[in-house]
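Residue numbers (this note's numbering), protein chains in the order written: chain A, 1 to 310; chain B, 1 to 364.
Treat each hint with caution, since some may be false.
As the list claims (entries may be wrong) - Quick list of the computed label-pair ranges, beta carbon to beta carbon:
1. B/ASP107 with A/LYS307: 52 to 60 Å
2. A/LYS296 with B/THR283: 58 to 66 Å
3. A/PHE3 with B/LYS330: 29 to 37 Å
4. A/GLY131 with B/TYR103: 19 to 27 Å
5. B/THR283 with A/LEU271: 56 to 64 Å
6. B/SER81 with A/LEU168: 30 to 38 Å
7. B/GLN55 with A/GLY56: 41 to 49 Å
8. A/TYR277 with B/TYR103: 26 to 34 Å
9. A/LYS296 with B/GLN332: 48 to 56 Å
10. A/ILE136 with B/LEU350: 21 to 29 Å
Hints were generated in silico from the structure; no laboratory data involved. Cβ atoms here follow ideal geometry from the backbone N, Cα and C, with glycine treated the same way.
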Amino acid sequence: MEFIFFLSAAVKAGTCLLYATLGEIISEKVGHLNLGVEGMMQMGAVIGFIAGFTFGNPFAAVLCAALAGAAGALIYALLTVSFKANQTVTGLTLSIFGVGFAAFFGKTFVGKKVPEAITTFFQPIKLPFLGDIPFIGDIFFNQSVYVYFSYILVIAIYLYLYKTKWGLNTRMIGENPVAADASGIPVDKYKYFNIVLCGALCGLGGAFLSLVYISVYPVNVVSGRGWIAVCLVIFAMWNPGKAMLGAYFFGALDIASFWLQKYNLPVSIYLFTALPYLATVFVLLFTSMRKINNKKEPAWLGKNYFKEDR
Amino acid sequence: MKKKLGVLMLALIMVVVSVVGCSSGSTSKTNAVTKVGFLYVGPADDGGWSQVHDQGRAKMVEHFNGKVETVVKENVAEEKSAVVSTVRDMVDQGCTIIFGTSYGFMDGMVEAAKEFPDVKFEHCSGYMTSDNLGTYFGRIEEPRYLSGIVAGLTTKTNKIAYIAAMPIPECVRGINAFALGVKSVNPTATVNVSWTNTWYDPTVEKAAAEALIQQGCDVTAQHQDSTAVMEAAKEAGKLSIGYDLSAATTMSEVYMTAPLWDFSGYYTERVQAVIDGTWKSDTYWGGMNDGIVSLDTITKLAPGSAQAQVDTATAAIKAGTLNVFAGEIKDQTGTVRVNAGTVLTDEAELSMDWFVDNVVGSVN
Numbered sequence: 001m002e003f004i005f006f007l008s009a010a011v012k013a014g015t016c017l018l019y020a021t022l023g024e025i026i027s028e029k030v031g032h033l034n035l036g037v038e039g040m041m042q043m044g045a046v047i048g049f050i051a052g053f054t055f056g057n058p059f060a061a062v063l064c065a066a067l068a069g070a071a072g073a074l075i076y077a078l079l080t081v082s083f084k085a086n087q088t089v090t091g092l093t094l095s096i097f098g099v100g101f102a103a104f105f106g107k108t109f110v111g112k113k114v115p116e117a118i119t120t121f122f123q124p125i126k127l128p129f130l131g132d133i134p135f136i137g138d139i140f141f142n143q144s145v146y147v148y149f150s151y152i153l154v155i156a157i158y159l160y161l162y163k164t165k166w167g168l169n170t171r172m173i174g175e176n177p178v179a180a181d182a183s184g185i186p187v188d189k190y191k192y193f194n195i196v197l198c199g200a201l202c203g204l205g206g207a208f209l210s211l212v213y214i215s216v217y218p219v220n221v222v223s224g225r226g227w228i229a230v231c232l233v234i235f236a237m238w239n240p241g242k243a244m245l246g247a248y249f250f251g252a253l254d255i256a257s258f259w260l261q262k263y264n265l266p267v268s269i270y271l272f273t274a275l276p277y278l279a280t281v282f283v284l285l286f287t288s289m290r291k292i293n294n295k296k297e298p299a300w301l302g303k304n305y306f307k308e309d310r
Numbered sequence: 001m002k003k004k005l006g007v008l009m010l011a012l013i014m015v016v017v018s019v020v021g022c023s024s025g026s027t028s029k030t031n032a033v034t035k036v037g038f039l040y041v042g043p044a045d046d047g048g049w050s051q052v053h054d055q056g057r058a059k060m061v062e063h064f065n066g067k068v069e070t071v072v073k074e075n076v077a078e079e080k081s082a083v084v085s086t087v088r089d090m091v092d093q094g095c096t097i098i099f100g101t102s103y104g105f106m107d108g109m110v111e112a113a114k115e116f117p118d119v120k121f122e123h124c125s126g127y128m129t130s131d132n133l134g135t136y137f138g139r140i141e142e143p144r145y146l147s148g149i150v151a152g153l154t155t156k157t158n159k160i161a162y163i164a165a166m167p168i169p170e171c172v173r174g175i176n177a178f179a180l181g182v183k184s185v186n187p188t189a190t191v192n193v194s195w196t197n198t199w200y201d202p203t204v205e206k207a208a209a210e211a212l213i214q215q216g217c218d219v220t221a222q223h224q225d226s227t228a229v230m231e232a233a234k235e236a237g238k239l240s241i242g243y244d245l246s247a248a249t250t251m252s253e254v255y256m257t258a259p260l261w262d263f264s265g266y267y268t269e270r271v272q273a274v275i276d277g278t279w280k281s282d283t284y285w286g287g288m289n290d291g292i293v294s295l296d297t298i299t300k301l302a303p304g305s306a307q308a309q310v311d312t313a314t315a316a317i318k319a320g321t322l323n324v325f326a327g328e329i330k331d332q333t334g335t336v337r338v339n340a341g342t343v344l345t346d347e348a349e350l351s352m353d354w355f356v357d358n359v360v361g362s363v364n
């Protein structure tokens with residue numbers, strides 16, 4: 001029973017990572033390494049909370065969070081797609097900006113409670129049939145609607161990337177924008193769309209923390225989870241399905257130390273905080289050694305496309 | 001060109017935001033007032049440690065009624081260079097006494113005290129002193145012990161959760177004092193410790209509390225700066241002991257009491273000493289008698305007998321007849337750490353790295 005609760009808590013802990021990772025996958029698939037995940041999550045967390053607190057409506061809160069993240073991503077898209085600024089530097093700047101943004105706008109809301117209407121709406125709901133499956137039901141289908149929505153997103157994004165023309169074009173731009181451009185795909189439009197969508201998802205990930213996970217608004221609620229999401233993209237090898245597994249695995253690592261402490265293991269708890277990053281390094285090593293092409297990063301990841309250089 | 005413009009724009013936005021965000025300090029040009037500097041490690045309204053200091057500062061300013069002005073710098077990094085440059089700025093603005101309110105400011109405070117021998121420095125929770133650098137802290141273990149009494153009387157499963165930040169003597173001391181308080185009223189209850197390795201990360205704190213509650217704990221206590229632990233208790237229908245600030249209104253469903261800080265008296269006294277010219281470097285470690293630490297009003301969620309027992313213990317602590325770390329105290333291995341009839345020395349308290357026998361968990 002305790003183990004089931006642990007796994008269910010791991011799913012909860014991994015959900016914010018899942019949203020952000022799905023977003024970052026879309027962005028990287030189109031060739032844009034956006035290191036601003038942390039910042040966009042922060043923006044989503046704070047704006048989502050403020051909207052929820054002001055309107056008392058869960059839909060308004062979630063929508064505003066997505067818009068806030070998207071707005072952050074739009075700055076990034078403007079600088080990197082239109083102005084061809086360095087992606088790494090711009091992303092890092094966006095992260096720093098987002099943290100400041102959240103601190104500034106969240107200042108007067110610290111210690112305020114999420115309205116009752118929203119807390120009730122996001123309370124765990126046991127799904128009929130699915131929730132009755134032993135083990136699986138307790139772990140996956142006795143969660144908040146916010147978590148259920150992430151399940152749907154995983155499927156939707158998988159279908160988008162691999163089963164639609166738009167997804168094919170997106171992936172093509174990430175692999176070879178020159179060829180994509182030559183075949184008449186509007187490269188910049190696709191880039192804008194994917195990057196902004198990434199921002200919206202990161203915003204949702206951040207708002208999960210401030211609206212669902214914690215019900216009293218604190219300073220810096222994201223505290224570094226954006227960086228774990230960036231790692232997770234590599235760990236998941238740019239695959240939405242694996243991102244789901246990875247997110248729950250990282251979520252489990254995030255909370256594992258508290259469940260293991262009672263056994264007094266001779267292992268430092270610092271190891272657990274380092275494990276997600278360590279695991280990512282191993283995945284990187286593994287994929288680069290095996291040279292599996294469809295499990296590697298998009299060929300043009302991090303490189304800007306200058307039409308004039310074609 | 002466009003690219004540069006864009007980068008410039010973004011930089012400008014960031015500068016504006018950070019300038020606006022940091023501009024909570026106040027300055028004035030008149031010489032009749034005494035200027036006091038405060039360095040905080042977090043935002044002044046963090047709901048915890050820095051807020052405690054800021055409340056103390058505000059009360060002190062009110063007491064002097066216009067004769068004292070303060071210069072506040074929030075979010076100072078725990079690095080030597082950051083502390084020294086902040087201090088320089090404060091001295092430039094005319095500060096004659098400067099309080100550094102985080103342990104991590106120590107190196108910077110020492111350096112700054114050397115650079116400005118005419119300015120008085122006070123460092124909270126540190127151990128380095130000089131002619132113009134003093135230290136101050138409070139015996140929070142006294143109210144911790146009292147909160148342990150409340151927890152010990154409350155628990156029905158005889159398992160109490162204690163979410164703590166860092167395995168350092170300050171936290172270990174608090175846990176032991178709490179556990180001894182529990183033991184004084186409920187010898188069979190255990191205090192189950194979980195380390196989070198962070199002073200402030202609500203999601204981590206909550207996850208830690210959830211784990212302990214799931215393992216059967218029905219009362220939570222904390223050495224963390226957010227209210228996340230109490231939230232976990234609220235969701236599970238358990239009860240809580242807070243820390244730093246009263247959560248009687250924000251967490252009314254679970255909050256029983258909390259060990260509290262009040263630095264206003266100390267700040268007032270020390271600033272008065274600077275005004276009078278009697279300030280001398282000191283190492284202050286005050287207890288409940290000074291009012292620097294106290295236990296919050298016990299709410300009606302606590303068992304009825306708690307108030308009377310806490311009152312008795314409070315009176316004994318204030319009268320000096322009850323020392324929290326009086327023998328005989330055994331550690332987890334059964335070794336006697338404090339002999340009967342003796343009390344733990346201050347040095348031993350400051351380097352504490354063992355748990356008393358009713359604590360479950362390890363110091364590592």
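*asked:* For the hint 52 to 60 Å, verify it against the beta carbon of B/ASP107 and that of A/LYS307.
replied: For B/ASP107 and A/LYS307 the Cβ distance comes to about 53 Å; the hint holds.
*Mind checking the hinted window 41 to 49 Å against the Cβ distance between B/GLN55 and A/GLY56?*
violated, 30 Å
*Given a hinted range of 21 to 29 Å, is it respected by the beta-carbon distance of A/ILE136 and B/LEU350?*
Given about 51 Å between the Cβ atoms, the range is violated.
*Return holds or violated for the Cβ distance of B/THR283 and A/LEU271 against the range 56 to 64 Å.*
For A/LEU271 against B/THR283, whose Cβ atoms are near 37 Å apart, the range 56 to 64 Å is violated.
_Cβ separation of B/SER81 and A/LEU168, checked against the hinted range 30 to 38 Å_ = At 52 Å between Cβs, range violated.
*So the hint says 26 to 34 Å: do the beta-carbon atoms of A/TYR277 and B/TYR103 match that?*
With Cβ atoms ~27 Å apart, the hint holds.
*Range hint 29 to 37 Å: satisfied by the CB atoms of A/PHE3 and B/LYS330?*
holds, 34 Å
*Could you check the hint for me, namely that A/GLY131 and B/TYR103 are 19 to 27 Å apart, CB to CB?*
Given about 48 Å between the Cβ atoms, the range is violated.
*asked:* Quick check: does the Cβ-Cβ distance between A/LYS296 and B/THR283 fall within 58 to 66 Å?
replied: holds, 60 Å
*State, for the Cβ atoms of A/LYS296 and B/GLN332, whether the hinted interval 48 to 56 Å holds or is violated.*
holds, 51 Å
Of the numbered hints stated above, those contradicted by the structure are hints 4, 5, 6, 7, 10, listed in ascending order.
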